[in-house]
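**Q** Now for the letters of each chain:
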Amino acid sequence: MDYHGEHTMTSPNATAIRRSRGMRDLLPGDMRAFRRVEDAFRAAASRWGYDEVRTPTIETYSLFTAAGALTPQMLSRVYSFLDWDGWSGERVVLRPDSTIPVARAAAEAGLDLPARLFYVQNVFRFSESDDREDWQCGLEYLAAPPSLGDLEVAAVACETLEALGLRPRVRIGHVGVARAVTAALVASGNGDLRSLLDQVAVEGLAPLRGLVAASAPVAAFIEVATQEGGPGLLGNLAGLASAALPNALPAIEEATAVAEALAESGRDVVVDLGMPRDFEYYTGVVFELDAAGEPWGRGGRYAPVGEGAGATACGLALETGRLAAHVAPGTRRRLTVSIHPEGAHDLARAMAVARALHRSGIAASLGGASDPSGLSVRVSGESLVALTPDGETRMSALDDVVGLLVRYK
Amino acid sequence: MSVKLALPAGDSRAAVAEMLAGAGITATGYEPGSRILRSVVEDEGLTLRVFREKDIPIQVALGNYDVGITSDVWLSEMQVRFPLQHIVRVGGLPGARTEVWLAAARESGLTPGKLPPASALDGARFASELPNLSDMAAVHMRIPRYRLLQLYGSADAYPPEDADFAVLSAPDGAAVEAKGLVPLWRLFSGGLALIANADSLGAKPLGGLLAGLAPLLTGESPIVEMPQTGTGAVPNRAERQYDVVRLAVPDGHAQRHTPAALLAAGLAFDGYDEDGYVRRPVSNVPGLEVKVVRPQDMPQLVAMGMFDVAISGRDLLHEHLCKFPGSPVQMAVDLGRNRYRIGPVVDEAFPAATTAEAVRIWNALGRPVRIASEFPATAERFARDHQLLHTTIIPVAGASEGFVPEDADFLVEGTETGTSIRANGLKMLDPFMESTNCVLTRATPVTSRTDLLGSLMARLRDSVRAPAVR
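As they're listed, the protein sequences go chains A and B. For the first sequence, my numbering gives the first residue as 1, with consecutive numbering after it. For the second sequence, my numbering gives the first residue as 1001, with consecutive numbering after it.
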């Protein structure tokens, strides 16, 4: 009987070893670009006094079902399963988000507040696009003071993007404005709060324009609020809010302080109160970082899980995988000198050459194929022959070899 | 090119058989009462296979079967969690409608149709054999830190002391009330569905089969409606009592051996015998609470400390410990009844007489070896212990004998007499374990009545030492 022939599954070639669907390999070229992004972010975050943390890949599911932490749409996309302790009934997840675990870790360890923390780690979420593992460079400024925290976090993001050759634009909004609008719509019988907030979270304020025929002042407010513009837009909106939506004024004032300070410090700022945002999660100023016509990160003020009523924090996450892909074409492989000992009696001398080059910050390895850059050293007794794009040079002192090759570093 | 049709076992079988006959589709071997799980109708180019309804959407989505007839509830249960399946619901078919209800105990003080606010439900416990629909309900209600107890069945047994909510199938809300529960929200309503694999629709000659069934199709669609956080009353929430010993006894097939085993230990419960049961039989031992639940769920219930003692099976304990080696559940007494063997089961034409010979053949296939089992963790352990190089485990809800050889290379399956295995043209290689019914306890008891627990264990141990019982 031919048991190969009995096989009827749709993926008969599944025996080939492949990565799990949606997961990501970072190969040498990817890693070089990834490290460039990571280094830029790490440098910017460190300059502003942030300390690095790393949280576990696996967290309890209930951490993310805590009130308001994640929406049903996000929770339906987590990788959840029973681990070895699943007999207890507690499910675990591959972390779908880093903000909540960082806040959890800080609370669990009793870190002093305020705490400035940053991380570089991956998150896992089901996606129909086969892109289910994302890397993020993120900041969490726990117990961040109003406005100061928002400014700081936005500055780190801008400096990171600038270091990568991008010209960032900060798009600023405030969830308090959308909350005031939806509350007014509910009060005037234009729908229920949950449905409206869900709609705004996905589509922004724009779809609400059609709902307010009966309330001209609110309609006017929404019309202006869905425009994009400089910080001056907020002043004009405040004028309308005084009559139509006084509840929106504190949010407008807070957004104004942040937008004006960023603009005056030389940042490119756009006020965009209509942008979609998760209103269960954020509590104050929200922002998005654009450059070269694409969004690269987002953040804002939120109430961290487990910190009690009134707790506040500010965070952001930059899309590190996409940023790495963007900078990859301009990221060169590090030059490596190939050292070729001619015989067994030249091995020790070859090692000495390598050590001397390494001490000078020049990458060098033994044998193998010559580096495409054309840098190599042939070791034969006392003779050292360096091959560079400029030709062949015969030497005998290690310092001479270093002195020659350091020019190509 | 043969068209493969997946048909439901169980309650729907008679109605579906009648429907197929009415549509002029020959379904040899699918007659009610037949034990055949697989047949080929050469003239119509049709291969029929009987599955538990729960398995049909999975088999059609995988492309192992082109067309299936199943209950909408299992299709929705799969699709709310796995939206990318290559499956098309062609239409509804006439048949009984099923609803899925979120329900609470009467003791909760909740009233039909009134959901409580999420803020009053922190840590609420859900019990269900529909985990995906239950999850969706809990997250839409925004219940913080909710817990889900995934069951094989009998969810209605759990509220109020073992769960705050049950999510269960019922014909309607009145049927939920008849089970002693309060129907709070209808999550789902649907009937029978004709489903097809999307790729098969584009590539295989399904026209004849679809033409036969087309006149029967109804326009009815399943309805999934997720609840929001409510504004109703704050529920009374019950916890288990620790000043009693809680005993779980089985329903289903395992029930027939249990009353005699209990009686041998001097235990008889009013409302629990070979012929029937009530959910909460009355114990003749003061301080002993008894509840009837599915034996498959018992290891987890004891591990979690919801029950102190359970009468289950060694096969189920083994499965649980394969999955959770650190679990505190243990076998306290082997009751020695309900004896059967578990081993690899292959097609009778498979060219091996021993497991070792079979492993050599499977490892030379050059593709994953497909193992179907109602005991997926046990099957995985078997594969590891026998150094099978590359395997795919197919968890199945039942009717597993029909999987071999087309849909699986072998089963990890139990047999008492071998009748069902032989009837389906299969044979067992070397059995690797023998199962009997047994008493489960927790290594570290949670009840404060350790005196009562100790005396109960002594009675059960003594009962199996007595010659009359052996």
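Any given hint could be a false lead.
As the list claims (entries may be wrong) - Coverage of chain A stretches by chain B, computed from C-beta distances (three or more under 8 Å per stretch; other residues unrestricted):
#1 57-66
#2 84-95
#3 312-322
In short, the hints are calculated from the structure, not lab data. The beta-carbon is built from N, C-alpha and C at its ideal position, and this holds for glycine as well.
**Q** Count the residues of the region 57-66 of chain A with a beta-carbon closer than 8 Å to any beta-carbon of chain B: does the count reach three?
**A** Since three or more residues must qualify, the claim that chain B covers the region 57-66 of chain A holds, with 3 doing so at under 8 Å.
**Q** Using C-beta distances, would you say chain B covers the region 84-95 of chain A, given that this needs three or more residues below 8 Å?
**A** Holds, because 8 residues of the region 84-95 of chain A bring their Cβ atoms closer than 8 Å to Cβ atoms of chain B.
**Q** Can you confirm whether chain B covers the region 312-322 of chain A, using C-beta to C-beta distances below 8 Å and requiring at least three such residues?
**A** Not satisfied, violated; 0 residues make the cut.
Hint 3 from the list above is the single one not met by this structure.
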